[in-house]
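Trainee: Going line by line, the protein sequences match chains A and B. Read in order, the letters of the first sequence are residues 1 to 417 in the working numbering. Read in order, the letters of the second sequence are residues 418 to 659 in the working numbering.
Any given hint could turn out to be false.
Just a sample of chain B residues kept apart from chain A, beta carbon distances all over 12 Å, derived [what the hints assert, rightly or not]:
1. Phe-434
2. Glu-516
3. Asn-522
4. Val-597
5. Lys-620
Restraint-style ranges between C-beta atoms, simulated for each label pair [unchecked claim]:
6. Leu-398(A) to Asp-586(B): 18 to 26 Å
7. Ala-264(A) to Ser-441(B): 21 to 29 Å
8. Asp-455(B) to Pro-309(A): 47 to 55 Å
9. Glu-233(A) to Glu-450(B): 27 to 35 Å
10. Val-633(B) to Glu-330(A): 51 to 59 Å
11. Val-633(B) to Asp-269(A): 47 to 55 Å
12. Glu-233(A) to Ala-432(B): 22 to 30 Å
13. Met-28(A) to Gly-486(B): 48 to 56 Å
14. Leu-181(A) to Ser-422(B): 52 to 60 Å
15. Pro-307(A) to Ala-452(B): 49 to 57 Å
16. Glu-549(B) to Met-332(A): 50 to 58 Å
17. Met-332(A) to Glu-466(B): 43 to 51 Å
18. Arg-433(B) to Glu-135(A): 50 to 58 Å
19. Glu-549(B) to Ala-125(A): 58 to 66 Å
Cut-off 25 Å, straight-line C-alpha distance, at most; resulting in silico cross-link-like pairs (DMTMM-like, lysine to aspartate or glutamate) [unchecked claim]:
20. Lys-316(A) to Glu-89(A)
21. Lys-257(A) to Glu-428(B)
22. Lys-256(A) to Glu-446(B)
23. Lys-221(A) to Glu-287(A)
24. Lys-326(A) to Glu-341(A)
25. Lys-257(A) to Glu-537(B)
26. Lys-301(A) to Asp-194(A)
27. Lys-316(A) to Glu-327(A)
28. Lys-301(A) to Glu-287(A)
29. Lys-177(A) to Glu-142(A)
30. Lys-257(A) to Asp-267(A)
31. Lys-177(A) to Asp-162(A)
32. Lys-257(A) to Glu-92(A)
33. Lys-221(A) to Asp-194(A)
34. Lys-256(A) to Glu-625(B)
35. Lys-301(A) to Asp-269(A)
36. Lys-221(A) to Glu-211(A)
37. Lys-257(A) to Glu-516(B)
38. Lys-257(A) to Glu-446(B)
39. Lys-257(A) to Glu-612(B)
40. Lys-182(A) to Glu-211(A)
If you're looking for bench data, these hints aren't it; they were derived computationally from the structure. All figures in this text were calculated on a predicted structure; none of them were measured in a lab. Virtual Cβ for every residue (Gly too), placed ideally from N, Cα, C.
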Amino acid sequence: MQEIRNYTMNFGPQHPAAHGVLRLLLEMDGETVVRADPHVGLLHRGTEKLCESKPFNQSIGYMDRLDYVSMMCNEHAYVKAIETLLGIEAPERAQYIRTMFDEITRILNHLMWIGSSALDLGAMAVFLYAFREREELMDLYEAVSGARMHATYYRPGGVYRDLPAQMPQHRESPWHKGKDLKRLNSWREGSMLDFIDAFTADFPTKVDEYETLLTNNRIWKQRTVGIGVVSPELAKAWSMTGPMLRGSGVEWDLRKKQPYAKYADVDFDIPVGVNGDCYDRYLVRVEEMRQSNRIIGQCAKWLRANPGPVMVQNFKVAPPSRVEMKENMEAMIHHFKLFTEGYCVPAGETYAAVEAPKGEFGCYLVSDGANKPFRAHLRAPGFAHLSSMDSIVRGHMLADVVAMIGSYDLVFGEVDR
Amino acid sequence: MSDTSAASLAEQLVARFGDTLNVSSVRQEVTAEVAAGDLIAVATALRDEPAFRFCELIDLCGIDYLGYGQTEWDTETVSGTGFSRGVEGQAQGRFTWAERPRGVNQPRRFAAVIHLLSIEHNRRLRLRVFCEDDSLPMVPSLTLVWPGVNWFEREAFDLYGIIFDGHPDLRRILTDYGFVGHPFRKDFPLIGNVEVRYDPEQKRVIYEPVSIEPRVLVPRTIRNDADLMQAKAEAADHWREN
Chain A
1 MQEIRNYTMN FGPQHPAAHG VLRLLLEMDG ETVVRADPHV GLLHRGTEKL
51 CESKPFNQSI GYMDRLDYVS MMCNEHAYVK AIETLLGIEA PERAQYIRTM
101 FDEITRILNH LMWIGSSALD LGAMAVFLYA FREREELMDL YEAVSGARMH
151 ATYYRPGGVY RDLPAQMPQH RESPWHKGKD LKRLNSWREG SMLDFIDAFT
201 ADFPTKVDEY ETLLTNNRIW KQRTVGIGVV SPELAKAWSM TGPMLRGSGV
251 EWDLRKKQPY AKYADVDFDI PVGVNGDCYD RYLVRVEEMR QSNRIIGQCA
301 KWLRANPGPV MVQNFKVAPP SRVEMKENME AMIHHFKLFT EGYCVPAGET
351 YAAVEAPKGE FGCYLVSDGA NKPFRAHLRA PGFAHLSSMD SIVRGHMLAD
401 VVAMIGSYDL VFGEVDR
Chain B
418 MSDTSAASLA EQLVARFGDT LNVSSVRQEV TAEVAAGDLI AVATALRDEP
468 AFRFCELIDL CGIDYLGYGQ TEWDTETVSG TGFSRGVEGQ AQGRFTWAER
518 PRGVNQPRRF AAVIHLLSIE HNRRLRLRVF CEDDSLPMVP SLTLVWPGVN
568 WFEREAFDLY GIIFDGHPDL RRILTDYGFV GHPFRKDFPL IGNVEVRYDP
618 EQKRVIYEPV SIEPRVLVPR TIRNDADLMQ AKAEAADHWR EN
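Chain A on its own, in the form it takes in the complex (with noise of 0.2 Å):
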């Protein structure tokens, strides 16, 4: 009799589903996995080693290019910590706003998901859909901080300005123009928060369109139901978070749990998922973008009615306004020293933890007093989500290991850092 090998399989790091550079190693039986072992790093940049050579302000854009799907919850967590070690805190307006970007980056991430891991199981249309919303979503982004993506929007203190008056326009062009150009501008004709209101008023009938696309779909529900179960003793004992943890049943949510900014000021809800398998968090991440969207209405509201300043009045950690700094020494010289060696941070360690769109987003920080941290770690929930790939896929068909890639909602940014 012939003896039948197993087969091992290279999976990336240029597979389309292996969402950027994972390279997987499949140890195969037949279609069955074996064993699976990941190689993470290809894009490992030492963006903690990075940190600690500069400045702790100059950091705060390295944190967008980490998970660089939910860049302003990354930057929240180490601005967190950067303030718990200054023992200041970000006036409530900056706190409002913190909290209706950290949801718009909820939307923004989750969107993401949606959109390609339908697209990894097949369902080519819902991201061309989910794509719309990111659209306006980004324009928020660039509304605020000038940038798409990468914002550097949060500062030590607060945010780096308040909402614009006006939301910015389309212009004529080759591309849009007439009634195009029009229906564009229709939401843009009044403030940033006027956008926002149309936005929230819109987005629960665009989750409908992705559900009627997707969750009684019947080719969806072959590929996702019963696959990648998660027990939640096994999530816990994997140090898992957020959508893999909630969609194992476990009701764990630092933003209702250990509340940070104003989240235990709105009213929001916590789904989780029942079998704690790759449908069940689809389920739980379709609902969290219908709570986010109502959270944002509910701070866009308070926003509206409470004008006021968004960062700290303190030249040590924030820079002094432009009229001031040209008509007062010590505004000049604050500023000059602010920018050129930053602010010492008193000696000490603090670990503070953001509930990302991925799963808990944690910054340890550990200062020995001087203007750069001393060690920057960073926790990134898909490094701990990804570490759990072997034990979960072994047994699973090697289609099913797409579906699992993409329940985790990997990004390799945060992976590898």
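Position chain B relative to chain A; hints supplied.
Mentor: Below, chain B alone, put in the same frame as chain A:
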């Protein structure tokens, strides 16, 4: 995460473990230092005992305390030639692979820092394990207590060279295949040691020593003067007024 919960956790830890742990509580964050030899027993107890139930290991990372508290720019004292004019010596990021500091000796240089989360009690705990031997930093592996620690330990091994005794699969994880050195150590140059390019003559990818110059724009400064002196001056004013 109320104040009472942090205080009570610290008390509970002292009551349960006594001298095994060195517990401190700052800003409602509890840190416990544990010797490498006691780590497994303490971790198992923290996971299983109903008072703690730290069922989830959130994070493990390495840390290199070399040069902790060192400044490149003396801002407090003045010499015969005036104030310190800036950067002298080769602090972090300012040396190449050939110039890297060698034979440095600092007691308690490497540590592994572990963050635990108790979902049941909604509490966090930080454990710190110092490695006893600098030249061969070693810590027992926690993979049998929390399987999720696997990759975190591989990462700390890769970046800091901390060896996790008993780890089933201690390979490099983030750096390149065949990488030499542990890049996050403070005596490893920021610019790295090799660069990689495609060589059209040999028709393959080749490794070469880095060609870029080390460049750090802002000196590392520890100032406790400004805020401290301002506070002192204000206190003095206050005293004069009364």
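Trainee: It remains to establish, for every hint, whether it holds in the given structure.
Mentor: Outcome of the hint check:
1. Interface exclusion of Phe-434(B) from chain A stands, the closest Cβ pair being 21 Å apart, more than 12 Å.
2. Annotated as non-interface, Glu-516(B) keeps its C-beta farther than 12 Å from every C-beta of chain A; the closest such distance is 16 Å.
3. Listed as outside the interface, Asn-522(B) is consistent with that label: its C-beta sits roughly 19 Å from the nearest C-beta of chain A, beyond the 12 Å cut-off.
4. At roughly 15 Å from the closest C-beta of chain A, the C-beta of Val-597(B) stays outside 12 Å, upholding its exclusion from the interface.
5. Its beta-carbon lying about 20 Å from the closest one in chain A, Lys-620(B) satisfies the requirement of being farther than 12 Å from that chain.
6. In this structure, Leu-398(A) and Asp-586(B) meet the distance hint of 18 to 26 Å, their C-beta atoms being roughly 23 Å apart.
7. Between Ala-264(A) and Ser-441(B) the CB atoms are about 28 Å apart, so this pair conforms to the stated range of 21 to 29 Å.
8. Asp-455(B) and Pro-309(A) have their C-beta atoms about 49 Å apart, which keeps the hinted 47 to 55 Å range intact.
9. Look at Glu-233(A) against Glu-450(B): about 30 Å separates their beta carbons, and that is inside 27 to 35 Å.
10. The hinted window of 51 to 59 Å between Val-633(B) and Glu-330(A) is violated, with their beta carbons roughly 29 Å apart.
11. Evaluation of the 47 to 55 Å hint for Val-633(B) and Asp-269(A) yields a pass: the beta carbon distance comes to about 48 Å.
12. Checked against the hint of 22 to 30 Å, the pair Glu-233(A) and Ala-432(B) passes, with Cβ atoms roughly 29 Å apart.
13. In this structure the supplied range 48 to 56 Å holds for Met-28(A) paired with Gly-486(B), their Cβ-Cβ distance being about 53 Å.
14. A C-beta distance of roughly 57 Å is found between Leu-181(A) and Ser-422(B), which places it inside the suggested range of 52 to 60 Å.
15. For the hinted restraint 49 to 57 Å between Pro-307(A) and Ala-452(B), the CB-CB distance of approximately 55 Å keeps it satisfied.
16. For the pair Glu-549(B) and Met-332(A), the supplied restraint of 50 to 58 Å holds, since their beta-carbon distance comes to about 52 Å.
17. Range check, Met-332(A) to Glu-466(B): about 58 Å between beta-carbon atoms, so the 43 to 51 Å window is missed.
18. For Arg-433(B) and Glu-135(A), the hinted distance range of 50 to 58 Å is satisfied, since their beta carbons lie about 55 Å from each other.
19. The hinted window of 58 to 66 Å between Glu-549(B) and Ala-125(A) holds, with their beta carbons roughly 60 Å apart.
20. Proposed proximity of Lys-316(A) and Glu-89(A) is supported: the alpha carbons are some 14 Å apart, at most 25 Å.
21. Restraint check for Lys-257(A) and Glu-428(B): the C-alpha separation of about 22 Å stays at or below 25 Å, so the hint holds.
22. A C-alpha spacing of about 19 Å is found between Lys-256(A) and Glu-446(B), which places the hinted pair at or below 25 Å, so the restraint holds.
23. Proximity of Lys-221(A) to Glu-287(A) is assessed by CA-CA distance (about 17 Å); at most 25 Å being required, the pair is judged to hold.
24. Of the supplied pair hints, the one linking Lys-326(A) and Glu-341(A) holds, its CA atoms being roughly 20 Å apart against a limit of 25 Å.
25. Simply put, Lys-257(A) and Glu-537(B) have alpha-carbon atoms about 11 Å apart, close enough for the 25 Å limit, and the pair holds.
26. Of the supplied pair hints, the one linking Lys-301(A) and Asp-194(A) holds, its CA atoms being roughly 10 Å apart against a limit of 25 Å.
27. The suggested pairing of Lys-316(A) with Glu-327(A) holds, with an alpha-carbon distance near 18 Å, which does not exceed 25 Å.
28. With a CA separation close to 22 Å, the supplied pair Lys-301(A) and Glu-287(A) stays within the 25 Å bound.
29. Distance hint between Lys-177(A) and Glu-142(A) is fulfilled; the C-alpha atoms sit about 22 Å from each other, no more than 25 Å.
30. For the hint linking Lys-257(A) to Asp-267(A), the alpha-carbon distance of about 14 Å falls within 25 Å, and the restraint holds.
31. For the suggested pair Lys-177(A) and Asp-162(A), the alpha carbons sit about 31 Å apart, so the restraint of at most 25 Å is broken.
32. Proposed proximity of Lys-257(A) and Glu-92(A) is supported: the alpha carbons are some 20 Å apart, at most 25 Å.
33. Restraint check for Lys-221(A) and Asp-194(A): the C-alpha separation of about 38 Å exceeds 25 Å, so the hint is violated.
34. Between Lys-256(A) and Glu-625(B) the CA atoms are separated by roughly 51 Å; this puts the pair beyond 25 Å, and the hint is violated.
35. About 19 Å separates the Cα atoms of Lys-301(A) and Asp-269(A), which keeps this hinted pair within 25 Å; it holds.
36. Taking the CA atoms of Lys-221(A) and Glu-211(A), the gap is about 12 Å. The hint holds against a cut of 25 Å.
37. Our distance criterion of 25 Å between C-alpha atoms is broken by Lys-257(A) and Glu-516(B), whose separation comes to about 49 Å.
38. With a CA separation close to 16 Å, the supplied pair Lys-257(A) and Glu-446(B) stays within the 25 Å bound.
39. For the hint linking Lys-257(A) to Glu-612(B), the alpha-carbon distance of about 46 Å lies beyond 25 Å, and the restraint is violated.
40. Note on Lys-182(A) and Glu-211(A): the hinted pairing is violated, with a Cα-Cα distance of about 29 Å set against a maximum of 25 Å.
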